[in-house]
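Asker: The residues making up each chain are set out below.
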Amino acid sequence: MATTSVLGGSIRRREDPALIQGMGTYVDDLAPVGTLHIGFVRSPFARAKINSIDTTAAAEAPGVFAVYTHEDVAHLGELLAQVVIAKARPLLANGQVNHVGEAVAMVVAESTYQARDAADLVDVDYEPLKPVVDLKEAASDSQLVHDDLESNTIITWEAGPWGDEEGIAQTKETIAAAKERDDTVTVSIEAVNQRLIPVAIEPRAVLAEWMPGYSRFRVHSTTQIPHALMGAIAKTFGLDTNQVHVIAPEVGGGFGAKLNIYNDEILTCFAAQKLGRPVKWTETRREAPNSTIQGRGWVATATVTGTKDGEILGYELDALADMGAYEQNFTAAIPFLGLFVGSGQYKFPTHWKVDCVLTNTMTTDAYRGAGRPEAAYYIERVIDAFAREIGVDPVEVRKKNFFEKFDSGVTSPIGFEIDTGDYSTNLDKLVEVADYEALKAERDKAREEGRYVGIGVSAYCEVCGFAPTALSELGFSWSTYGLPAGFYGTSLVRVNPDVTVTVVTGTGPSGQGHQTTWSQVVSDRLGIPPERVRVMHGDTEDSPMGIGTFGSRSLAVDGSATFLAAERVADKARDIAAHLLEASADDIELDSEGGHVTGSPDSSVPWSDIAAAAYLPHRLGESELEGGLESHVIFDPPNATWPFGSHLAMVEVDPDTGNVEILRYITADDCGNVINPMIVAGQVHGGVVQGIGQAMYEEAIYDEDGNLLTGSLLDYPIPAAGDMPMFELSRTTTPTFCNSMGAKGIGEAGTIGSAQTIVNAVVDALAPLGVKHVDMPLRPKRVWAAIQEARG
Amino acid sequence: MYPRPFDYVAPTSLEEAFGALGDDAKVMSGGMSLIPLMKMRLFSPGVVVDIGRIDGLDGVEDIGDHIEIGALVRHATTASNELVKANAAALAAAAALTGDVQVRNRGTTCGALAHADVAADQPAGALACGAVMIAQSSSGTREIPASEFFVDSLTSALNPDEILTSIRVPKTGPGEGSAYDKLGRRGGHSDYAVAGAAAWIKKSNGSIEDARVGVTGVGTKPALATGVAEALIGTDGSDEAVKAASEKAVDDITVLEDLYGSEEYKTHLAKVYVARAVKQALAAI
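Note that the protein sequences, when read in sequence, are chains D and B. The first sequence begins at 1 in this note's numbering and counts up one residue at a time. The second sequence begins at 793 in this note's numbering and counts up one residue at a time.
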């Protein structure tokens, strides 16, 4: 099908008036009569045996209804997680704690204050044990996190290509042979891709109500995956899924941290059922870093071997990825998402290996990009280092090793089929928009003046729009939650009797702008103006089975389902119009007014008549048309989508302080066809800011005892608008054939492309000193130390 | 985040406020530092005495050879008020670099000074500008020089029964200038100071006649770098003289390592920012 040309308008976000006036409804805004509140007792130790828990004083404290420990919830089993390889999380600590902040007991009281005060009265007798916090130490197994496991390494993902042992052996031989050649250069860097703490503006919250008369739960949660939560609750409590009603109202940012099933969600349901009262828990900012998953946490050596003129003959990644103490939804699968794009946009042989290692820290899981920023970071850092080593422009080296343009799929060296790509054109666009040659001249002039100005470039290849359902064979589904539902898109589009449109879709926004974009998609197909379209989401009772919002998948998958459903409704509207006008459906055109016979301006029927006929089916007379004007589509594309792009940063380092100033930040992203350019730009802005946050500010730091030293925003600096440069955005357009709109995804691209762009720029700025690498975050102290070291 | 139980009083006069003070009480003006500490349960006063409803504390006044900044003057006012900018430029600059817009619109200069955070900006400005703290209690008024006001981390010279009702800053005269500069935790000027310095310089006949330099962020308390000032006096303020003097930036300070810098780095930064602040102050004359 031809891609549509009507889409592409930057209409303003229809959801914003409510949100920016504080009139949106979030979970914590809800307080049914009689709501009780939870306060958690959390471990102060990273690893300790629990000798005893005395809840007497807490139980007697004012307003307290109940205090629960592991014994009370043992019958519910462990926390369900989609991918559990070795160690699931107990709902409440079971005889031992394994990270600071682990929930040990739960107090339920009339007010949040009472719950918090009573939690302080729970007396836990801990016997501290030696924790293992450092990732390399954990990988050595000198100390185990869990005594009942044989190793801290729970799985190793290896590819080159994936799933082909012979191929991997051959790739290793090929690369080894390349290293032996006299005319090749091998460059390695060991680099940390540090742990990050997701900081959504809305902390997590859950409100559970048990309705004994109906044997049903109603649960409001700040979740990106309401249907999965519905399944997890049903399975945990031995209920059918239609006994569990989950609602995700407005969600104030997710970034993957809300793409999870949490013990607090299950425990809140437990307390509500047990006490017969609504029970709510809202995470405090202070507990969030250790009660919500963290992201990244890799140490790896990346190696490139290539000829002196820039032809790369092999790329190797040898990585450790920090899992934390327990697995949750996708924990060990996150590095696997990185593996998908382990060879980037490149055609050279790639051998990629990552060990997934447990430590006595909070669980890691998906955080904007989820494995792909790590993958892009290493390959793009080491290619930059290689280019520097051989003295060839890093843009040239990249272009030399890209796949040529392809539009019907290519199999990457890592073993996955990429849909479409035109990488050189994209990088050329960046070079043109940035006026790269002029920037280099500017940098060189600054260098002559003794200034430390640098330019960093990075390409990236992303995989998103998670589908097809065939991925369920790799574990990408909600099967563990009792839902054999793979990653498809779903949407229902209904023209109502008053010619408004209701869309019920399988993913819900946490800032992505579904209300606006989906309205545009529907309007494009039906002709009915966007302001008459309302998009419903996040309610398991309203919506068809939905997979949720993550992995930049909403538009490419559920948006495409919406497109197809709207098209089917349009087909039916044409049939009805044709019947009413006694014309052929093939001759009917739809617009905002109604249906018209092509070429006969007088032969028209207004939308109101079309809708009336649909809801007064006798008007459809002898035709075979049925009443109603709606369609529900499940869309299973042939592949995920693979956006790509390239970023450029120009920075200046103050050699006296190590301070990094970003002078320019320029992007050329390619997410296929774009529905709303303003929303896409917003996604790029946010993504880039989060990448810059990792490059320059953010780091979850645990001390050797496993205490999180950066557990509040006082010590975990995140970027603010005022810290950022103006972003200069551009795009190329390489549509995918995987969906009718030709749209890929843009939610994570900015993050995936940006961190290494900044590091490459800073290393370039310091190149005259001989600096070859600086680990993130590039806090001034670290940059200054690198300068000092280089100066000797 | 939920603080421990506490009593809250909002007096409408100083006399009423004095009556509410005691060993277990804490004065609150903007609350930008106190409330987070209480919510993190790092600090749990029995009584919070909110002075926000007391009339007459929110002005910047010209009192002859000094200006006076009241207890309820917000950072945003300190940063933009013409009297402050003309007579205590270092303090105005430090206020402009304090927190973010919301904090500057709510927090107060006197509150930030009384809080005595080791990495706050305005203490350095107050030290360099030679501010005098006006501490009132039911038993009278004390005038405490800024140089004696910052005792230790989060500890000022105020007694539990006293309120910092205003500060007085001597007006900037001919040949005088002051400035503040810092490196923030998020780089540039953003966030708390990793290191910051304020300088006030008086020049006559081409040489530096008097100087005060305040340093913040690097040690156990914001402090005067007296060695720097002494080294500057009598020089012509040349780059070489400034650099030489800046070497004494932490002579009177115990430098502490934190997440934002090693002792070595912060010592180095203190010198860099002392030199920068002095040069800017000289340029402002």
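Do not rely on the hints blindly, as some may be mistaken.
Calculated pairs, EDC-like style, for lysine to aspartate or glutamate (alpha carbon to alpha carbon, straight line, at most 16 Å) [claimed, not checked]:
hint, chain 1, residue 1, chain 2, residue 2
1, B, K831, D, E287
2, D, K429, D, E728
3, B, K1013, B, E1032
4, B, K831, D, D120
5, D, K772, D, E789
6, D, K572, D, D542
7, D, K399, D, E311
8, B, K831, D, D609
9, B, K963, B, D1043
10, B, K1035, D, E789
11, B, K994, B, E1039
12, D, K347, D, E311
To spell it out: a stretch of chain D is covered by chain B in this simulated footprint if at least three of its residues, at any positions, have a beta carbon under 8 Å from a beta carbon of chain B; those stretches are [claimed, not checked]:
hint, stretch
13, 283-291
14, 718-730
15, 768-782
Here are the in silico distance ranges between beta carbons for each label pair [unchecked claim]:
hint, chain 1, residue 1, chain 2, residue 2, range
16, B, D799, D, A18, 36 to 42 Å
17, B, E874, D, S188, 57 to 63 Å
18, B, A878, D, T301, 54 to 60 Å
19, B, D1028, D, R285, 35 to 41 Å
Calculated from the structure, these hints are not laboratory results. In this text, all values refer to a predicted model and were calculated from it rather than measured experimentally. Virtual Cβ for every residue (Gly too), placed ideally from N, Cα, C.
Asker: Hints numbered earlier in the text: which of these fail when held up against the supplied structure?
Answerer: 3, 6, 8, 9, 10, 11, 19
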